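*Asks:* What follows is each chain in one-letter form.
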Amino acid sequence: MKVWQFSEQAYHPAFDVPGPMRVTLPQHHCHPSEAGRLINRYLDEYVLADELGYNIMINEHHAAATCMSTSCMTTLAILARQTKRARLLALGIPIGNRANPVRVAEEIAMADVISNGRLEVGLVKGAAYEVFMSNRQPVRFMDRYWEAHDLILEALSNTGDNFSWDGEFFNYRAVSLWPRPIQQPTPPIWMTASSAGSAAQQAKLGYVCATFLSGAVARSVFASYRKTYQETHGRPASDDRLGYLGLVSVATDRETAFQRAEQMKAYFTTAARLDPQFRNPAGFASVKDNVRLLKAGPNAVRPRLRDGSPLPSNPTIEQYIDAGLMFVGTPDEVFEQIGRFHAEVGGFGNLLMMGQAGTLGHAETVENLTLFSREVMPRLAEMSVDTPDVRYEAFA
Amino acid sequence: MNSEATNANSLSGPHFLQVGDVRLELLVKGEGRPLLLLHGMDGIEAMAPLVDLLAATHKVYAPSHPGFGGSDLPRSFSTVDDIAYFYLDLLDQLDLRDVLVAGFSFGGWIAAEMLVKNSGRLALAVLGAPFGIETAHRKDRRVVDIFMCDGGTVERKSQVTPAQKLDLAALPEDVLERRVRNAEATMLYGWSPYMCNPKLRHRLHRVATPTLLLWGEDDAIAPLDYGRDYAALIPQAVFEAIPNCGHRIYVDSAEAAARSINTFAQRAVAAAA
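These protein sequences, in sequence, are chains A and B.
Residues 1 to 396, numbered by the working numbering, are exactly what the first sequence covers, in order.
Residues 1 to 273, numbered by the working numbering, are exactly what the second sequence covers, in order.
Since the hints were derived computationally from the structure, they do not count as laboratory data.
Some clues are possibly wrong.
Selected chain B positions facing chain A (in silico; Cβ < 7 angstroms) [claimed, not checked]:
id : residue
1  : Tyr85
2  : Ala169
3  : Glu173
4  : Glu177
5  : Val180
6  : Glu184
7  : Ser192
Reference listing, derived: stretches of chain A covered by chain B, where coverage requires no fewer than 3 residues with Cβ under 8 angstroms from a Cβ of chain B [unchecked claim]:
id : segment
8  : 132–140
9  : 282–292
10 : 353–365
All values derive from a computational prediction rather than experimental measurement.
Even for Gly, the Cβ is constructed at its ideal location relative to N, Cα and C.
With the sequences and hints as input, model every part of the structure.
*Replies:* So, in structure tokens, the structure goes:
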């Protein structure tokens, strides 16, 4: 299993401001020199992660105190030079929100050449509330997403003449990437899924499919991916096609690990602070899904505990562990928790590890990353599922 | 959107008509001069009381706009221009003449776009608190951005009549589907630039059809001065403010609106005689 260090790079001093943390939080609450200090700190932790043998994942959000990385590629452009070995994953670039897909392709190519071909690229739908900042039309969002996808891949992989593009959403006279990417035809492509339907689509394309903090839902996502992958490509999907994102707090003693997990929990409590009208703008989800959501009520989308009940609104660390959103404890306990979850969801080859989250400080993050890399990561490297079919039978 | 399940049911007899690419949900009610009634963001459901009142004196044609209610949304539709041309096609197909077009809120914007394109089949126009001209200029917003408001706030700002609290999960799926489609179509046509066509202002001088603008004095979505500016752009438009009335004129003041429409129509007939 490959492990990827990830932090949302929060501006956590703003967590004390009452009210929403996204879309409407005024920027005067951001003290720029403090923001710079924090971002440099997070970058230091990424550089350390590279030295410790992690790979690196970067995301982006907008108008949010919970995430200061407003561009995957800006952050990765720095790490492309400052790291040596890590694969560098943008997960991801919200291409349905981007006005200019060719510019996206240019930035991918530039970071790929600077890093000497270490870039991996997630092309994602992104959070619904982002349309309020991008101002892009929520209706037919995924149609625009797929046209952008086609254009970006065409641009990255083109080895013939320059081309023009006249689509439903985008028009270009001359597409020409200088530089073009080292990795051909393209850097590895990732997508994110929280449903079996999305996973199946990604399996057809052979992309890496990651699911975030979805707990038991990961099992149906991965099962769907494996099934469609087998049907489409005539061979089983290897574990490296699948990824899961969870929070990790490890310490030599259980009590310290739990104390740190409490600080990381601020990630969940602040991410949830968003006014209701921004959660699901009309058109962003399909009519069918919206009707289903309205019928099911607000509990329908909550992660589940192992007994099937919805995760309560202010869960304990134990409940987060139970739901598969956090892995917390001594190295042995964390290894055991990851192993159990890995088996329950049918296996995955990429652990997207939030080794820093919420208000967790620098010294604690360094200890967390260092201890995990020494005591847990080597044991995870060997973790795999023999064959997916056997695993499904065990849980049928 | 305050559409009630019962309202959808009281609209007896909507049927479907194929117009171009669109299977159009169309309610036809009453006898008399043809009146094309264009609903707002909350769909035809919310217009039921006004449909009944106007059907006493007119043959009311009340369609669900493409994407709303039960009407198809072809992939080629994305702007109010598309709907306006579509309704001009509908008038051709039905061969309606001397039509009174009455549109409210979002539907008023559609009516305005029809008036500047081709008024050949239109005799009179009534615009009830229409959107369509610029809703903001740089940092100054004139019309409330409903997409930035939570549902409860939109309801409170939309009408002076106390809004009914709805248990959405308890509504039947077909009613929910209509609500979801209405919200999605409102988003498609109105998201950006918000509820307006910046070109419309420069085309309104073309309106040759006698036009009445109705506006709720207590409109908390599109304020009265937005309405007066709108009226000033339309040659010889008559502006009438309705007291104790919000943005949803068809909810707050359906009877007053019907009276004004009938009076306006009678005066126009008298003037023509």
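*Asks:* Determine for every hint whether it applies to the structure shown.
*Replies:* Hint-by-hint comparison with the structure:
no. : hint    : result
1   : Tyr85   : 19 angstroms, violated
2   : Ala169  : 5 angstroms, holds
3   : Glu173  : 6 angstroms, holds
4   : Glu177  : 5 angstroms, holds
5   : Val180  : 5 angstroms, holds
6   : Glu184  : 4 angstroms, holds
7   : Ser192  : 5 angstroms, holds
8   : 132–140 : holds (count 6)
9   : 282–292 : holds (count 5)
10  : 353–365 : violated (count 0)
The structure fails hints 1, 10 (numbered hints given earlier, in ascending order).
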